[in-house]
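From first to last, the protein sequence lines are chains V and E. Taking this note's numbering, the leading residue of the first sequence gets 23, the next gets one more, and so forth. Taking this note's numbering, the leading residue of the second sequence gets 328, the next gets one more, and so forth.
In case anyone wonders, no lab produced these hints; they're calculated from the structure. Among these hints, one or two may not hold up.
Listed below are the simulated DSS-like cross-link pairs for lysine-lysine, each with C-alpha atoms no more than 30 Å apart in a straight line [as the list claims (entries may be wrong)]:
hint, chain 1, residue 1, chain 2, residue 2
1, E, Lys548, V, Lys142
2, E, Lys435, E, Lys457
3, E, Lys390, V, Lys164
4, E, Lys563, V, Lys142
5, E, Lys457, E, Lys390
6, E, Lys457, V, Lys213
7, V, Lys142, E, Lys421
Sample of chain V residues lacking proximity to chain E, with all beta carbon distances greater than 12 Å (derived) [as the list claims (entries may be wrong)]:
hint, residue
8, Gly76
9, Ala304
10, His327
Beta carbons: idealized from backbone N, C-alpha and C, even for Gly.
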Amino acid sequence: MVAIGAVIGGLIGHLWWGICGALAVELTRHLVNLHQFDHWLRNRNRRDPPDAGGLWGDLVSQVSRLHRRKRFHKQRILRLFRELRRSTASMPDGVVALNPLREIVWFNRKAGELLGLRRKTDFGLQISSLVRVPEFARYLEKGDFSAGLRVHPRIGEAFCIEFQAVPYGEGQMFLLVRDVTRQAHLETMRKDFVANASHELRSPLTVIAGYLETLALDEDLPADLRPPLLEMRRQAERMTAIIADLLELSRLEATDEQVVGNPIDIAALLALLRKDAAARDAGRHTIEMRVESPDGLMGDPGLIHSAFSNLLDNAVKYTPAGGAITLRWWVDELGGHFSVTDTGPGISEEHLPRLTERFYRVDAGRARDAGGSGLGLAIVRHVLQRHGGQLKVESVEGRGSTFSCHFPPLRLVHEPVALADDTRYSA
Amino acid sequence: METSDLSQHISRRFNEDLERVRSQVLTMGGFVEQQLAKAVSALVEGDSLLGETVARDDFQVNKMEVSIDEECSRILATRAPAASDLRLIVAIIKAITDLERMGDECEKIGYIASRLALEERPADKYREVKHLGRVVQSMVHDSLDAFARMDPEAALRVARQDRLVDEEYEAIQRQSITFMMEDPRAIRRVIDVMWVVRALERIGDHAKNICEYVVFMVHGKDIRHVRIEDVESELKQRGGKA
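Bound-form chain V, shown alone (with noise of 0.2 Å):
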């Protein structure tokens, strides 16, 4: 183009307006490439790019191929968000995921229904702000999320709601939101079922044990009804103390709530189990006492009571004539711990984990010659959970077990008298 002008310049005798002319030209044609190129990259939406050769038809085309790979993988991107977005609202349960400062990044439509939450106004608020259960709040600080959590968010309703925490990269989590009334109130109706089958079953008991006792007392009795009389009388002491295990169970199991109590004096239960042990046993056992610390323990009397002997009657129980037993109470950091020892004859470790289900038996014919109720070990577990502690068993068959309670380093009292304080709301 320069060289076509100078030509023509050199013809009309002026070679440099002629250059200049050319120059001005190709400039010109340059601007309004330009012009014409930004104006298509303003809205290359809705226009086709600009016709032109050379190296603005090269830099055309590399942008537009460039653009048209991005709006390919924008749309397939936002396809599948719709597509995710779609299908986690039609999931049955409620999602919300929490950021490591516990706000609220994205919820689906379920968890907002559940949990009564707004999208828009509710993204980046923290989810105990709009989640104001006290347990809740607990829950997620206490950072244990083996287990859900179950929540009325209102009192008096039936209304329950259950919450998973699913921790996930670096400590965002999943917010896992389910509905359960439904799975409350069954299990409501079945404890009520046993606490009322139980009611209902112990005053016919009571009277047929009252006609057996009497019978027995009866000098005219012929001779030969005499055993059948006794085994009755047996069987209707043990029924009875089934019911009293299952009224006691329901009532456990009425409330997860935990026990407030008093303080409680171990050393003085454990010298009382001793001697009601050692009355009913007649000698049979040795039963060893090991009271290594003073301390007491905050809880309810009477629930520690009747766990702690449950375990001391099992070791009298199975523990054959000759055999020691060892009471324990020790405190260390981890908290308190009372264990009973005995030299029994063990149990296998396949039984260890099934041990505290109701009526679950090691050996069926045994456990009934000794008269359990089968419910025992359940009533000290529920005890245990109410208190924040936790019960533990080892065993070495033919050598003997040791059934151990474990409690937290807040229920212990180091003077008797002072009432520990609740320094859960503490700053």
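We have chain V already, so just place chain E on it with the hints.
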């Protein structure tokens, strides 16, 4: 609005302090909500144990108030907040006082409920109290929601409900007078129930106060002792200008 302001602080620690104290207020609010629900349910179901639990647990509300108060003083002293941050702190200091008083009213209801549980229940099974309780409960819940979301429109909606509570209170009062005239033996019980209803009405007033602080926090405008309609029209005008 406010939340975006909060994220612009140069000092990240300051941000965290504000967020923490705000979530503490809502934790306290959640606890008071539960106390209220338990107290009403203790009365309606005649559960004396639950009533005693409510009365006993009030010390936790007091403890939370003291701890949040200290935290606010600390922020005021060390950070010297200005503008919306200052309004947030001021609103929090006021709100926890109202929450603490709500807690006291719940304690009162719990105490009376445990006493009434031992007596004969009236034929209507406290239906009116139950209904009033439900209205007040939803007021408290919604006012705390408005506080969490910094939503002045929702706050004004809740504040308007207070009138409903007052009307309900009047109605129960009139009905109670009739009961007392009909059966003088019931006077003692009816007076106790009146105390409960009075406490519920007070709780509604405190919830309304919290709503006013929300408007103050967001718009910087004090709307106490002003008719709600006037406030609404003024806020609407402002919105129009903006």
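Here is how each hint holds up against the structure:
Note on E:Lys548 and V:Lys142: the hinted pairing holds, with a Cα-Cα distance of about 25 Å set against a maximum of 30 Å. At most 30 Å may separate the alpha-carbon atoms for a hinted pair to count; E:Lys435 and E:Lys457 meet this at roughly 16 Å. Using a Cα cut-off of 30 Å, the hinted pair E:Lys390 and V:Lys164 holds, with the two alpha carbons roughly 20 Å apart. About 21 Å separates the Cα atoms of E:Lys563 and V:Lys142, which keeps this hinted pair within 30 Å; it holds.
Of the pairs offered as hints, the one joining E:Lys457 and E:Lys390 holds, with about 29 Å between alpha carbons and a cut-off of 30 Å not exceeded. Note on E:Lys457 and V:Lys213: the hinted pairing holds, with a Cα-Cα distance of about 27 Å set against a maximum of 30 Å. With a CA separation close to 28 Å, the supplied pair V:Lys142 and E:Lys421 stays within the 30 Å bound. For V:Gly76, the condition that its CB be more than 12 Å from all CB atoms of chain E holds, with the nearest at approximately 49 Å.
With a least CB separation of 41 Å from chain E, V:Ala304 remains clear of the 12 Å interface cut-off, as annotated. Under the 12 Å C-beta cut-off, the non-interface status given to V:His327 relative to chain E holds; the minimum distance is some 21 Å.
The structure shown violates none of the earlier numbered hints.
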